[in-house]
Amino acid sequence: MKNDLGRDVPEGFRPFRGADASTTEPHRLIPAKPAVEKTVFSVSLSDVFDRLGIRDGMTLSFHHHLRDGDFVINMVGAECARRGLKDLTFAPSSVFPCHAPLVPLIESGTITGLVTNYMNGPVADAVAAGKLKRIAIMDTHGGRARAIESGDLPIDVAFLAVPRVDRQGNGTGCEGRSACGSLGYAVPDAAYARRVVLVTDEIADAVAKPELDGRFVDIVLEVPSIGDPKGIVSGTTRLTRDPVGLKIARDTATLLLRIGALRDGFSMQTGAGGTSLAVVPYVRRIMVERGLKARFASGGITAQYVEMLESGLVRTLKDVQCFDLDAVRSRRENAAHEGISASEYGNPFFAPAPVVDLLDFVILGATEIDLGFNVNVTTDSLGRIIGGSGGHADTAHGAKTTIVTTNLVKARLPIVMERVTTVTTPGEDVDVIVTERGIAVNPKRPDILARLEGSGLNVVPIAELMAIAHRMTGVPVRPASRGRIVAAVRYRDGTVIDVVRQTGR
Amino acid sequence: MRRSLLFIPGNNPAMLQNADVFGADGIILDLEDAVTVAEKDAARELVKEYLNTWEFGATEVMVRVNGLSSGWLGDDLDAVLGDKLTAIVYPKADLASLRELDRILSELERRKGLAKRIGVVPIVESATGVVETDAIATFPRVGGILLGGEDFTADMEIVRTREGAELAYPRAKIAIACRAAGIDAIDTPFADVADAAALERDARVAKSLGFGGKAVIHPNQIEIVNRVFAPDVTELRWARRVVAAAADARKKGLGASSLDGKMIDRPVELRAAKILERAAACGLGGPDDEE
Chain B
6 MKNDLGRDVP EGFRPFRGAD ASTTEPHRLI PAKPAVEKTV FSVSLSDVFD
56 RLGIRDGMTL SFHHHLRDGD FVINMVGAEC ARRGLKDLTF APSSVFPCHA
106 PLVPLIESGT ITGLVTNYMN GPVADAVAAG KLKRIAIMDT HGGRARAIES
156 GDLPIDVAFL AVPRVDRQGN GTGCEGRSAC GSLGYAVPDA AYARRVVLVT
206 DEIADAVAKP ELDGRFVDIV LEVPSIGDPK GIVSGTTRLT RDPVGLKIAR
256 DTATLLLRIG ALRDGFSMQT GAGGTSLAVV PYVRRIMVER GLKARFASGG
306 ITAQYVEMLE SGLVRTLKDV QCFDLDAVRS RRENAAHEGI SASEYGNPFF
356 APAPVVDLLD FVILGATEID LGFNVNVTTD SLGRIIGGSG GHADTAHGAK
406 TTIVTTNLVK ARLPIVMERV TTVTTPGEDV DVIVTERGIA VNPKRPDILA
456 RLEGSGLNVV PIAELMAIAH RMTGVPVRPA SRGRIVAAVR YRDGTVIDVV
506 RQTGR
Chain L
120 MRRSLLFIPG NNPAMLQNAD VFGADGIILD LEDAVTVAEK DAARELVKEY
170 LNTWEFGATE VMVRVNGLSS GWLGDDLDAV LGDKLTAIVY PKADLASLRE
220 LDRILSELER RKGLAKRIGV VPIVESATGV VETDAIATFP RVGGILLGGE
270 DFTADMEIVR TREGAELAYP RAKIAIACRA AGIDAIDTPF ADVADAAALE
320 RDARVAKSLG FGGKAVIHPN QIEIVNRVFA PDVTELRWAR RVVAAAADAR
370 KKGLGASSLD GKMIDRPVEL RAAKILERAA ACGLGGPDDE E
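Protein chains in written order, with our numbering: chain B, 6 to 510; chain L, 120 to 410.
Since the hints were derived computationally from the structure, they do not count as laboratory data.
Worth double-checking, as some hints may not be accurate.
[Unchecked claim] Example chain L residues on the side facing chain B (calculated, C-beta under 7 Å, incomplete):
# : residue
1 : Val140
2 : Phe141
3 : Ser216
4 : Asn339
5 : Ala399
6 : Gly402
[Unchecked claim] In silico negatives: residues of chain B with every beta carbon more than 10 Å from chain L:
#  : residue
7  : Asp9
8  : Pro36
9  : Gly89
10 : Asp92
11 : Arg246
12 : Val249
13 : Arg255
14 : Arg289
15 : Glu315
16 : Ser386
17 : Glu441
18 : Lys449
As the structure is a computational prediction, the values presented were derived from the model and not from experiment.
For glycine and all other residues, C-beta sits at the position ideal for the given N, C-alpha and C.
Kindly produce the complete structure, drawing on both the sequences and the hints.
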């Protein structure tokens, strides 16, 4: 079966029929988890497995707030292997290189299913090489919350790493030696998994602002360490000094001003990629010059946004994930730095509206972008899995204006092409692409095109951007991918927007 | 227009690939100081191929060659001379070496059958060069003079400071000689690429003396230099009002006009017209630029 973008859809999955197709469907919601009678405290993972009766075929979920420093997923994986469990589905919100120890579990059939929003490193390579028995599912951040709350992704046990837990089982990410800030991606798991285990390395008498409610926690497991702080958050997110990235960022800020996106009370989000993040100081300069204040900034929060909050340029931060230590500190200390759940952030069915729907603009990145403005952030041009939507497709759909910033040519590869290797975000949700050699506006946004007339910005049709790139690099020959389907890329409503096929090896 | 001229090392493919995207009015592909002796031949080949394949659009392209005494000048010129090149940037210029350069260029142009005459932008960066500036400015082919502050202070055995007081004389000398000859005066690069505020101050000093542009050594310097050497909002607004007042006076049959109580005479009107002309060349002049 093909979907509306002409992409394959594996059997048993629903095809993508347009970004707004699901809005007419009734929203299903399963009952939330009932409160537990008493939270059990344990110091043995084996004891937790026994108490919960974890067995073959179950789905275990995790969050990725400890990023590339996480110990918890590997810890649980090792216990599954030790017990000889088979056919498990792991559903972490993201997978990082530190999760390499899961590869042998995938090869041995302990893990045969994977549901995640982003993966990068040895596990992603194993999936692309066809080692996972079932088709991996790649959701968006908002789509994962929707899948959990609607029962599309039933979770047997959620193992949630939590930097500090109190004696009632309430948890926070803002305190403790492994502090990672907001625990937004864990909230749906904590509310809808059949059983919830908080895994912590710090138990305190009380936590100041609990993000996870102890009344729904079955077991608190205390372990020596939940993660390596070096991999959890960077000290401070560094801005690019690459002059090409800075030029793209500067042009993007000029464009935002010209199209009227920078008005008093606006709302914004930027991806954490170097170029997207580099737009922030240029926007800040315009705000100071013109005396503008932003209503809120959302998403993964960095030091740049904390500084804007503290200097009064932004009224509120809506934080689903902290990217650096400044963000963690601010989330702990500043009431205007609000935590939001993955559902409130991007679930298309969140009522009255998810935060992404309130955004005036979002600045995102791209690995590839095609003449239909479809964006790939899931695979590279060889078809290897190098990421995934995360919040890309959620914010692109929600924001009034979606701007993709990218170098036109990266490592001699043209980034604008006829047809992207994998569609992560549909072109109907992408309005503008800004490159160092020109800016292309989606023809469905004539209003933006009109506002850029006479702006001095180099606005060209997207086909011209591709032609410019081809004049520099030649026309690349793309490898044909004919292997079996190894991953289904799901749009936020759960429909399949594209598939990833096995890489030739 | 030569507000900003960006130096790019001739042996760096990644930098060449992006040389023309930053909005510099011109780029100077460097075969001289940025390239080590062992890399000279590779840089020459790379720049030659780059000139043959790249499309530069409105960006002016020049090459800084090695000087006469290096022994590489002939090979450099033979490799890079072609229709895309507008000028050769010639280091440590004095009259004697410019004469020899002119002879070699004429011969190569004849041999290659080039349609147009290649210009020369000498770098005045020695005491001799400063002394000979008046003659250099009127020498055939010379379309602009670039001040080389580092080499000049080395030749003078004086310290190059951030404030640049030691460059006051050569700057004034070059600016006046260039104006008299009707060619471009281009200021020396500012070395501290991390200090944007100091770069802007340095560029404003040069502009105040009559320079029309400045060489830059990092893409992040271009925006500031382009802005400084384009008319600013105050200048633009003043120029528009002067031109309007003069036109109004003519319509009324008056010989002289005034603005804010000051008489507008012929030199004032001419200066205003030049500002508007330059603004138009810089792509300014739309209503938004008045904000």
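To see whether the hints hold, each was checked on the structure:
{"no.": "1", "hint": "Val140", "verdict": "4 Å, holds"}
{"no.": "2", "hint": "Phe141", "verdict": "6 Å, holds"}
{"no.": "3", "hint": "Ser216", "verdict": "34 Å, violated"}
{"no.": "4", "hint": "Asn339", "verdict": "5 Å, holds"}
{"no.": "5", "hint": "Ala399", "verdict": "13 Å, violated"}
{"no.": "6", "hint": "Gly402", "verdict": "6 Å, holds"}
{"no.": "7", "hint": "Asp9", "verdict": "36 Å, holds"}
{"no.": "8", "hint": "Pro36", "verdict": "56 Å, holds"}
{"no.": "9", "hint": "Gly89", "verdict": "52 Å, holds"}
{"no.": "10", "hint": "Asp92", "verdict": "49 Å, holds"}
{"no.": "11", "hint": "Arg246", "verdict": "8 Å, violated"}
{"no.": "12", "hint": "Val249", "verdict": "5 Å, violated"}
{"no.": "13", "hint": "Arg255", "verdict": "7 Å, violated"}
{"no.": "14", "hint": "Arg289", "verdict": "15 Å, holds"}
{"no.": "15", "hint": "Glu315", "verdict": "24 Å, holds"}
{"no.": "16", "hint": "Ser386", "verdict": "18 Å, holds"}
{"no.": "17", "hint": "Glu441", "verdict": "4 Å, violated"}
{"no.": "18", "hint": "Lys449", "verdict": "26 Å, holds"}
The structure does not agree with the numbered hints 3, 5, 11, 12, 13, 17 stated previously, though it agrees with the rest.
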